[in-house]
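**Student:** Using the sequences and the hints, build the whole thing.
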Amino acid sequence: MTTPLRPAWAPVLALSASLLTVMPVAWAAPAATHAPRQDARADQPAVKIDGAALLRHVQALASDEFEGRAPGSRGETVTLNYLQDVFRKSGITPGMPDGGYLQNVPMLYMRSTPTLSYAALGGKSVNLASPDDVVAWSMRTEHKVSVAHSELVFVGYGVTAPEFQWDDYKGADVKGKTLVMLINDPPLPDPKRKNRLDSAMFGGPAVTYYGRWMYKFAMAARLGAAGALIVHETKPAGYPFEVVRNSFGRGHYGIKVKGDTPGLPPVSGWLKLESARDLFKAGGHDFDALKKAALSRDFKPVPLGVTAHSAVANVWSEMASHNVVGRIDGTDPKLKDEVVVYTAHWDHFGIDDSLPGPRSRQIFHGALDNASGVAALLEIARAYQALPPAQAPKRTVLFVLTTGEERGLLGAQWYTRHPLAPLAKTVLAINLDGMNVWGKTRDVILAGHGKSTADELVIAAAKAQGRVVKPEAHAESGLYYRGDQLAFARAGVPVILTQGGMTYLGKPPGQAGKLAQYTARDYHTVNDVVQPDWDMAGAAQDAELLFLAGYRAAQDATAPQWKAGAEFKAVREAPAGK
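Using the working numbering, the first residue of the sequence shown is number 24, and each one after it goes up by one.
Please keep in mind that the hints were generated in silico from the structure rather than gathered at the bench. Since no wrong hints were added, every one of them can be taken at face value.
Computed cross-link-like contacts, DSS-like style, restricted to lysine-lysine with a CA-CA straight-line distance of at most 27 angstroms: (1) Lys193 / Lys315; (2) Lys359 / Lys112; (3) Lys357 / Lys592; (4) Lys167 / Lys281; (5) Lys314 / Lys217; (6) Lys147 / Lys304; (7) Lys417 / Lys486; (8) Lys417 / Lys448; (9) Lys323 / Lys198; (10) Lys112 / Lys71; (11) Lys486 / Lys530; (12) Lys486 / Lys71; (13) Lys586 / Lys359; (14) Lys417 / Lys71; (15) Lys357 / Lys417; (16) Lys215 / Lys314; (17) Lys592 / Lys417; (18) Lys258 / Lys314; (19) Lys71 / Lys359; (20) Lys217 / Lys315; (21) Lys147 / Lys198; (22) Lys586 / Lys193; (23) Lys147 / Lys167; (24) Lys359 / Lys417; (25) Lys304 / Lys323; (26) Lys112 / Lys417; (27) Lys198 / Lys314; (28) Lys193 / Lys592; (29) Lys304 / Lys258; (30) Lys315 / Lys258; (31) Lys417 / Lys586; (32) Lys167 / Lys279; (33) Lys215 / Lys586; (34) Lys314 / Lys304; (35) Lys530 / Lys493.
From a predicted model like this one, the values you see are computed outputs, not experimental measurements.
**Tutor:** In C-alpha cells, the structure reads:
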C-alpha cells in the first residue's frame, strides 16, 4: 500500500535479457479445497478459499529469493515467473491481446535539483532554499526544465467540485502561471454545530480526493499552469514539513511518456508555511486573510503581485516493468464485453544494501503489503476458474497484478490509460491490498463507504457470511485515496476496498490492536515478514467476501453506480472523449 513516503535508495536499471530466463519458483496447485459448494441460492456459488494456500503464496513471494520484488530488478523477474506459472496451472487465460500475461509498463526514476526564486514588482529577488524552504521537482525527461517570469496566483484550495457548487478557479486563465494553493479540502464549519466541520461539504473531517496533492497538481496541469506549489501546514497535513522533505526530495518514480507527464505541471512542489507567509507579504498580501477568504464559494483567484523563476536540473534512468493480467471470459452474449477487474500490487521496495546485518535484514519482503493481497487474488482467480459452466460469470473478469503501486500507483495508472476493455464498460474494480492475517472477524471495514452502489455488493456478501459492514473509523487518514483503487476511481470506475474488521472471533481482546502494531513496527520496513501468530482464516474469509461481491457484479443486469456527491461521478458520466 502506498503512502507519501518513498525509499531513499535508487532503483536498478532495466532488466537485462539474461534475467528474463530465470526459472519460476515451483508452485503446486493445492487440493481443490475451495471448489464451489452449492448454496441455497442457485445463481450464487458458495466458494471456500483455502487459508493454507494463501499462506504458501505469501511465504514464496515474501521469501529472500524474491528480493523484495522491486520493479525493474531480478526480484521482478522471479515474481513475474511465479505469477504467470500460477495462472497457467490454474487454467487462467492470458489477458493480453498477444496471448501473453504481461503488460509492459515503461517507468522512470527521476532525481531533480531545483532552484527557485521570486520577486515583487520593483523588489529584490528572494531565493528559496531547497529542500528547507521548498521541495520541488519535474518529471519531464529534460535535463533542464525552466519556468521564467511566471506570475504567482493564489487559487485557494485549488478545487473545482461541481457536486458542492465549488470552483476556486472561476474560469481564470492560469496558463503559464505558477499556482499557490492550500493543503487538504476546504474545512467548512458546520452551520448547526459548533467546533465541527460540515459533513455535507467535502466529507467534513474525512479527507476527499479534492484534498489530495495528486488532484491539486492534476488540476494545475489540466489548466495549463507552468507550476504548482502547495503550502504545507503541519496540523491539516498530519505530518511535519520534514516528512515532505524526506518523501518528495529524494527522487521520484513515474511512467515514461512523451512530452508532459499526465497529472503534473512542468514544475510541482511544496512550500513551507513560513516561506509562504514571506512570499505573500512580498506582494503586499496577508496569508491568513487570504486563507480565510478561500473558505467562501465566492472566492476568486488572487494574483499575488510576485513573479517566480524556477529551474529544475534532472537526471533519470529508465526501467522496464510489467503488470500481469489474466482473464475469465464472460458467457453472456450481451454482457461479456463488460468487465469486473480485481487488482493487487505485486511490487515492494526491494533491497537496501546500506542496512546493517545479514542479507535477509536488507530485504523489504512485503509479506502483508502486499504478498497477502496477491495471494488472495490468485486464489480468487482459481475459484472463478473452478466454477461449473452453469455458474460461470456472465461478464468477463480480469485479474490485474500491478507494478509500481509503492512508487505512485504507476501500474494501475498505466492500465487505466491503456485498458484491456473500455473503461466505460468496466463496471467495477476490486482492489486487494493488505489482507487480514489475524483471524476471522464479525465485521468488515469498507473504505469509501457511501460513495457508490458497490457498497450493496459488499453488504450482501457480508450478510451471507453472517457479518456486518462498517465504515472506516478514521476516514481522515484517506485510505480510499492511497491505493490502486484510486487510479480506477479517477477514471470513473466504481471501486471496492475493504479491510478486515475489528471484532475478532475466538481471539483475545488485544487482537484488534494487531494492525496498529504492524503499522507502527513493520509497515514499509524489513520487518514485514510472515509472523508465527498469523491466522490466515481471516484473509480467506475476506477473499471469499470479495469473490462474492465481484461475482454478483459480474452477474447483475445493472452495474454499480457512483452516488450523488461522489467526486468521481462526473468523470463516469462525462460524454466520450471529454
